[in-house]
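Protein chains: 2
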Amino acid sequence: MDVIVPFATRNPKTRLSDVLDRRERNAFARAMLADVLEAIDAAGGTPHVLATRPLDRDLDIDRGSFPPIDAETIVDDRDLTTAVNATLAASFEESTAFGPPLAVVMSDLPLATPTSLRTLLETKGEVVLAPGRAGGTNAIVVRHPSFRVDYHGASIRDHRRAARSIDADLVEIDSRQLASDVDDPDDLVEVLVHGDGRSRDWLVDAGFELAVDDGSVEVVRNDG
Amino acid sequence: MDVIVPFATRNPKTRLSDVLDRRERNAFARAMLADVLEAIDAAGGTPHVLATRPLDRDLDIDRGSFPPIDAETIVDDRDLTTAVNATLAASFEESTAFGPPLAVVMSDLPLATPTSLRTLLETKGEVVLAPGRAGGTNAIVVRHPSFRVDYHGASIRDHRRAARSIDADLVEIDSRQLASDVDDPDDLVEVLVHGDGRSRDWLVDAGFELAVDDGSVEVVRNDG
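Sequence lines, in order, name chains A and B. So for the first sequence, my numbering puts the first residue at 6; every next one is plus one. So for the second sequence, my numbering puts the first residue at 6; every next one is plus one.
Simulated from the structure, these hints should not be mistaken for laboratory data.
Identical copies carry no separate label here, and so any pair may be met within one copy or between two of them.
Listed below are the simulated EDC-like cross-link pairs for lysine to aspartate or glutamate, each with C-alpha atoms no more than 20 Å apart in a straight line:
no.: 1; residue 1: Lys-18; residue 2: Asp-219
no.: 2; residue 1: Lys-18; residue 2: Asp-206
no.: 3; residue 1: Lys-129; residue 2: Asp-174
no.: 4; residue 1: Lys-18; residue 2: Asp-218
Make the full structure from the sequences, and use the hints.
See below:
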């Protein structure tokens, strides 16, 4: 199955600004993207990056710190919802190179494994949703020509409503790995505890480690 | 399968103190417990509450606000780890009324469904772990006589090590529903977005609702 992976090339992951500077956020975002692309490939999917700018454009900043991204890239500088809906609409036209069906998987899911992605891709349903934290939608499979996304607000509720409004057969899958998007510093705990790819390696190389107190687990950064 | 559900009767869920007073935390904790017990029963498990005090003791405070708990209760006022390990040790003796195998499922998992719990109980492995957020372990199935728990700190890492140290066959299951324990006010978002049991009803009755901004989803409380 073709899998669209949206990626914002400029100033990604702003909510990590307290712990990572802009260059670091760029590098870490690309490490997560690389992990997701690799897992999609291992799950039997064909990933396409839907990027706001060509992926090699910003590499001039610090080429060494970005892992290479070799998936096909579609460039669309519109907002996430608009760009994803354009690919969904196009996928149901015969002339396009991808889909249907079409999956949309967020790029900030470093815990996504081939197994959890295979479950996503193989679950039957005209609309298959994998919820994220805080009302988000981290992954979708679309087999219905009229389904469109809306990533604003509590998107999982809107996606449920959208599926119902077109009488689409809706299934939600139960995956912690697909639910674990990385937005806030607290989310880095999940990557250190459960990750095993480039994203975890990047954090470890950057000096992050777990600080385990009796009742809490946090990440701290050793700059030394 | 017999399923132990630990429950602290006194001053539960202290990290919700900013949004719920002590009586409310008692009532909400019991609503979550009732949801978990019902889901375990529907999954084919036999729940036993492992409580620090008899469950009816504190009902005098405000009987009406607590849902009835009709599962068998084991009273053990020692700390969580000690009490759970005592039941694990006992379960492998012929004289006890429960296990082996024995499962341990936390009481603050209002999103746990019969399906996710059935997956837990049916997954093969001498030690089966369902991770929580922040390094926690929300559910365990134990089929090995020597496995013991340690809920302090990043327990999932300790449980992995403990399983390896006794050469137990270890499996981790990937469930968002079992990973969604409720500790902090942010976690209430999950209950409102995804819950459908007593816990969600209790929050709605208490005036909680989602506040959806373009980029964030939070809970707010209407006291009016």
